[in-house]
Amino acid sequence: MVPITVQRPDRWDHPLDPHLAASDVKRLLAIRPFSQMDPSRFSAGASLPDILRHDCRLLRLRRGDVVFREGQYGGSAYLVLSGQIAATVLQPPDHGASDQPRGWWGRVWRRWRRRRVGPEKERRRYRRDDPSATDASKRQADGGRAILDPESGIRFGTRFESEERPTQLFLQDIPGVINEEGVAKIGPGELFGELAAVTRSPRDFSAIALRDSWVLEIRWQGLRLLQQDPAFRELLNERYRAQNLAIHLREIRLFRFVPEEQLQQIVAATQLVSYGQLEWYARYRRDAERSPSERIAAEPLIAEEGDYSTGLWIVRSGFARLSWRQGVGHRTLAYVGKGGLFGLEELVHQYVHAPEEPPVPLQHSLRAIGYVDTLWIPKHVVVKHLLPFIRRDELPPPIESPRYRFNAPLLDAPLETGPAAIDPGLLEFLVDHRLNNGQQTMVVDLERCTRCDDCVRACAATHGGAPVFERTGPIYHQWMFPKACMHCEDPVCMIGCPTGAIHRDTRTGLVEINEATCIGCRTCAQSCPYDNIRMVPVHSAAGEPLQDSTTGLPILQASKCDFCQDRGGAPACYDACPHDALVRIDTSDMDSLKNWWHRKVA
Amino acid sequence: MTGMVKKQIANISLVMAIGAVWYWLRAVDERLGDAAILSGWLLLSAYVGLMLLWIRKRIYARRWGRVAGWLALHRRLGWFAAAVFMMHIGWPIEGRFEQVLAMSFLVVTATGILVSIASRTVPRRLLALPTDYRWEQIPALQRQVAQQAHCQAIASASFDEGATLAEFYHTQLLPFFQGSRSWLYVAWPSGSRRRRLVGQLHQLRRYLGPRGKEVEQTLARLVQQKDDLDYHYALQRRLRVAYAAHVALTWALGMMIAAHVVLALRFQGAW
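Each protein sequence line maps, in turn, to chains A and B. All letters in the first sequence, in the order written, are residues 0 to 601 by numbering that gives the first Met the number 0. All letters in the second sequence, in the order written, are residues 0 to 270 by numbering that gives the first Met the number 0.
One should not assume that every hint holds.
Taking lysine-lysine and the BS3-like style, the derived pairs with C-alpha atoms no more than 30 Å apart in a straight line are [to be verified]: (1) Lys593(A) to Lys6(B); (2) Lys5(B) to Lys56(B); (3) Lys383(A) to Lys337(A); (4) Lys5(B) to Lys593(A); (5) Lys599(A) to Lys6(B); (6) Lys599(A) to Lys56(B); (7) Lys184(A) to Lys25(A); (8) Lys56(B) to Lys6(B); (9) Lys378(A) to Lys337(A); (10) Lys184(A) to Lys337(A); (11) Lys593(A) to Lys337(A); (12) Lys599(A) to Lys337(A); (13) Lys599(A) to Lys5(B).
No wet-lab data here; the hints were simulated from the structure. Since the structure is predicted, the reported quantities are computational estimates derived from the model, not experimental observations.
Chain A on its own, in the form it takes in the complex (with noise of 0.2 Å):
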């Protein structure tokens, strides 16, 4: 077959909005924070006006338009241009319990309901694409009429824009839905939203315009090269500690009862602090050769067993390894994802369940795997600000009989760590992996798989041929992790991609590569530590494949997992497995792992 030749794409051959013109360009550069950067600090290859041009959209927002809504996976930050918004967390009226069906008989209940109530209204009520997602196709099948979430119960509209800008969505009754007392107003030239945009993670709050308003969305690959500006990068983090930090640490369970002034003083001592490097990926594929207990050694520490407890440590972001010293080794005895916290025993033990007693050292250790954002808040603070104000019923019970004591010998740690653990070698062989950080980990039972590789075909039937995802990988005794994605908690593929074509679907949080706007660079391939993402060729409707007009190389295109979103459900290769052998878990969540290892092991 003849190839046909074109020129290979380039990192802005889509702009984020085709509309903006270059007086809008001048118009924004005039304003803050854009003019009170440093043109000199961007290259010449992306200055300034060109992030703006490419990777910016004007967005009109009337009153009650959503711009996102909480638990959604965001790719931009915005800035107010003109006009309020509103950040809020919604609050649902009481429904009563989940409408998702349950089991065999919920499924046929739906099915019949389906028939009964009508597919349109039914589908409106299950579908898996949210209703809030920008997608304008999706929402036109709405018919511009009312949608009730089912999954917060409260109503939206659908408001049709021209063809080429995206229907924008709106909350119908906004006094009945939002309480003003407990609403944070964006006013002019304040930027929202870039920390989930930055992290990766899903919006803590929702964003709806309180009047008319004008937005500017900057999507992350523009606010990645806006960091290279000092100031801007300030600010960001400025704003952090300023606006989001009490909502963060509102979010974990242990701080709900906090008085807003005692949440104030927290917020007030505590320090950001990072571990490990950003693009983790390459030390750890130059680490692979190294022994574990090497590796161990080579992560960054965070806090070590035996030291003096000086606070209380979050993770913001990222995994840490929880670990104690085993013989010569170190014995990782969890993996500590975002939320969770570090040194609260030790504390809570000499504070509240024996006062009496000299305080006790850290029991653990804790080094970060690849990169961890932590917050660390100093001991007295936890003590005099947090400790009164979480129940009884919530602290850690007493450590019964600590292994480090200060001016005592060192205990040796027991091998067996109960029935309820998961088993410690998993762990290991998954940290070691780096397994933790998936959401949807691919796991094939070896002990039922009979190598038919029924999954393989049905995954190439689905993607036009050519499987996304090899049956082969790394196995623990008989459990196998073949190389699929993930679909990581920390996506670190998405650090990189120029264009934004690999990103997070809003709503469930999947790993998607856009195909109009991957331009081939194999940034998320190389970054990939799992191997996971393939280049191939790419082809012409007809079947030619595509070169390069100046190269004469084939034009390639990132491909992986897409877990079989367009086919709707379970991906194809868990429906083909004729023998219960391919199932999808989430490793990242321990109680996920526990749930899945009792039920399958123990």
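We have chain A; now place chain B onto it with these hints.
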């Protein structure tokens, strides 16, 4: 509901369905009805039901339930069909065509049971090996191991001990590394040849110098690796052959069933 409870419910339902059919056919027979025609239609329906798994396995685009669920249904429907088959046939079976048809049905059932057993036992046996190999990569890996063994053996000829290892390689190991295993091994793979070769290699140690001993250890490791690859290949091939035979014979059986239905209806005077 746990998986075990679901299985028990399915098994009880199967036994009850077989009992109900038996009772129904007996009642029809006692009323001087034609029970064979009824059981024949039931068998034909069961055959169509069994073929649904084959169809489901080829539908990827839409969701029609998990194949694992369809396979569980297929297995129980297979037992149901076997029970109805026993009720359907008279004894002795008269007519050459009917005898062949009955034999085909039994062979298809037997291969189905074989596939079912193998799909439970083969994964456990494969898991006992230190490495998991993909079926399509095994021939290339076998060639790679043979090449490594060849290089080691050739290099050892220049050592102080002379051609001891090279000669052993030429006479004993070369056919093992470069030849394919017999059909008997594919049917019943065993480690006897590996054990014999490794034992013979160890016996050569007394004639070898330090470098020769290193090569001997490497060759022993390669023998083990080649045997693992052969074992993997044999077990996977056995399962694939049994499955292919089951599917192919099912189609042949289908054609014979169609002919049998036509003949039965003609004899009955329906046409």
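Verification of the supplied hints:
1. Lys593(A) to Lys6(B): holds, 25 Å
2. Lys5(B) to Lys56(B): holds, 22 Å
3. Lys383(A) to Lys337(A): holds, 24 Å
4. Lys5(B) to Lys593(A): holds, 24 Å
5. Lys599(A) to Lys6(B): Satisfied, since the Cα-Cα distance of roughly 17 Å is no more than 30 Å.
6. Lys599(A) to Lys56(B): holds, 26 Å
7. Lys184(A) to Lys25(A): holds, 27 Å
8. Lys56(B) to Lys6(B): holds, 22 Å
9. Lys378(A) to Lys337(A): At roughly 21 Å apart (the allowed maximum being 30 Å), Lys337(A) and Lys378(A) satisfy the hint.
10. Lys184(A) to Lys337(A): Answer holds: Lys184(A) to Lys337(A) is near 27 Å, not above 30 Å.
11. Lys593(A) to Lys337(A): Holds - the C-alpha atoms of Lys337(A) and Lys593(A) are around 18 Å apart, at most 30 Å.
12. Lys599(A) to Lys337(A): holds, 26 Å
13. Lys599(A) to Lys5(B): Distance of about 16 Å is within 30 Å: holds.
In summary, the structure agrees with every hint in the numbered list given earlier.
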